[in-house]
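Engineer: The lines below spell out each chain.
There are 2 protein chains.
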Amino acid sequence: MEKRIYNLNAGPAVLPEEVLLEAQKELFALPGVGMSILEISHRSKTFDAIHAEAKEGIKKLLNVPDDYSILFLQGGASLQFSMVALNLMPPKNKADYILTGSWSKKAMKEAKRVGTVNIAASTEEGEGDKKYFKRIPKQSELKLDPDASYVHFTSNNTIYGTQWKSEPQVGNVPLVCDASSDILYKPIDVSKYAMIYAGAQKNIGPSGVVLVIIRKDMLERSQDSLHTMLNYKIQAENDSLYNTPNTFGIYIIKLVTKHLLNNGGLDKMYEINKKKAEILYNALDNSGGFYKGHADKDSRSLMNVTFNLPTPELEKKLIDETVKAGFAGLKGHRSVGGLRASIYNAFPIKGVEELVAFMNDFQKKNG
Amino acid sequence: MEKRIYNLNAGPAVLPEEVLLEAQKELFALPGVGMSILEISHRSKTFDAIHAEAKEGIKKLLNVPDDYSILFLQGGASLQFSMVALNLMPPKNKADYILTGSWSKKAMKEAKRVGTVNIAASTEEGEGDKKYFKRIPKQSELKLDPDASYVHFTSNNTIYGTQWKSEPQVGNVPLVCDASSDILYKPIDVSKYAMIYAGAQKNIGPSGVVLVIIRKDMLERSQDSLHTMLNYKIQAENDSLYNTPNTFGIYIIKLVTKHLLNNGGLDKMYEINKKKAEILYNALDNSGGFYKGHADKDSRSLMNVTFNLPTPELEKKLIDETVKAGFAGLKGHRSVGGLRASIYNAFPIKGVEELVAFMNDFQKKNG
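Taken in sequence, the protein lines are chains A and B. Start counting the first sequence at 1114; every next residue gets the next number (this note's numbering). Start counting the second sequence at 1114; every next residue gets the next number (this note's numbering).
Just so you know, these hints were derived from the structure itself, not from any lab. Please note that a few of the clues may not be correct.
Given that identical chains are not distinguished, each listed pair holds provided it fits within a single copy or across any two copies.
Unchecked claim - The list that follows gives simulated cross-link-like pairs (lysine to any residue, SDA-like), each with its CA atoms no further than 25 Å apart:
id, residue 1, residue 2
1, LYS1225, SER1338
2, LYS1219, HIS1372
3, LYS1388, GLU1169
4, LYS1219, LYS1346
5, LYS1346, MET1221
6, LYS1222, PRO1203
7, LYS1158, LYS1207
8, LYS1463, SER1448
9, LYS1225, PRO1461
10, LYS1225, LYS1346
11, LYS1429, GLN1252
12, LYS1138, GLU1428
13, LYS1243, ALA1349
This one's a predicted model, so the numbers in the text were calculated from it and none came from an experiment.
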């Protein structure tokens, strides 16, 4: 069997080995079907069952109430930036955006094409080219418009390594969340949200599918004038099958959700995720300042651990050495530099422990 | 090894067994990479090479000139129906559509949201619920507007089993083609087209990727006001990587194009496709009227062979018996009924011969 390394990429990211092995086993032909998952009709009974299991897996894991539709669309979270605004902003054409990183800003950029955006809060700091984020705003910082069509926030910020500990309180205004980089990392109360969307390529599956969980009353906002593929109501009425969906991606989501359900669900994942993050953040905090976490302590992400070394030269050296030692993806995002360890659901505790041992050893030799 | 059956589905459709075996072998971890194709970053050198090979494969197979961009986007041909109009219709906001089937009509429906559509020709026949298409228009039937932003046509009509033998002559007006269901079935002269798009799930790969081949001067039509993900210019400037693409889908396209190049390219494919279609159409024509082709003879598709039996009961009986005998997907599209054999590039001649033998036997017993 081909040797595997520790994958700390921010996304696409590591998937459970059991899922990869099952998908590999079935790739030539689904058992009893005689065709590959890549070849079966999206209107076949075989795919219907796979699709239903994927939806049911999401529903069970997140305890999604019955008055929500679960959709698997294409175009990633980036197309959702537009679809959210196009569908949900009318008729008032104004919405609140909470800015905590680059993805929030990109979401806002598309919303501005549709209507008026109120920046309910921004934690951006710095000047000019050196702007950055390092924290989640406090509830008291939010300047919310009680008449907004919705409030949009990004639950986890991959680039800066910050994460909301709980949802912002927004009263009766519908709450919309880009949960691309932390969905399924812990149980959440879906009923607090009007809509959650998430690119699959972190905790759910491969790239090319975006999960949309939307409360059914929100679908009434979608206007007939919208382009068909951009219309949530039409996508929901057609159960994500208005046209051919990413059938393979949905199949992998079926396998990932089944794997999570068979391994303790999200309570168990949360316990493991807390443990992994604790090991890594403790290593930073106990390094005497050699490894310096980027995010404020109370805003730290359990998914993406961002940090710096005393010099860019040492950062490069560590990255080069980790690659040789079998850890991939530690280089920080090009817009902030430094290092980033993405430790999503499928990243093993053992990998975190080995990374910390490697970092401690590196500090001894270079500190 | 899991047994495979003959897959006559219209799409997603049969893929080359060699491609499935290679993908299966590598799915757990790409050789020398230590991560699955499902897990690697779209900004990694490994993916860069895969992406480049997929583009190069398309470029070589279709002999795409250098002044065209090759993009792999999401949302299928259905999202292209909107993107074509949104990007290419301005500033004149009028375009010609040639209607030869349900997909042409869907493309036109989205274009009407953007500007004025002139129906340059329609071969629709029948009344009310019984409307249908069975032929490609003659050049003399086209009522083209020399001032149109573009002319749109659908090269092959999966539902009705009709296909253009050569492109419509449109003078200096840019020609845009939905080639979803026959791209790569024979060599074409790409320089005749301003743009070609094709959902991957017939001759190119799995669902979830749409190939766009667009002449670079057309990109100048994309206006800054367009939503980012719907903007061809931005997608081309970012080499399909504005956001995370369907990495697995692009990987399979790499394998499929390599397979075609290693097996004689499109000249060879065309030779085989002609032979397969000839065997099947001859069987219809030599059945004494028991099997009756739906499409006019001069409009017949080499990809989708549509036909009827004397009664709906016999059609159902034949479909049921073929399923038991190991042929999947022969049931015609719900909108036209009857039978449809989709014999794309990867469908083997042997399968066509066995199907014809089965049909001859069925006729003897039931004719």
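Engineer: Which of the numbered hints are not met once you compare them with the structure shown?
Structural biologist: Going through the list in order, the structure violates hints 2, 3, 7, 8, 9, 11, 12 and 13 and respects the others.
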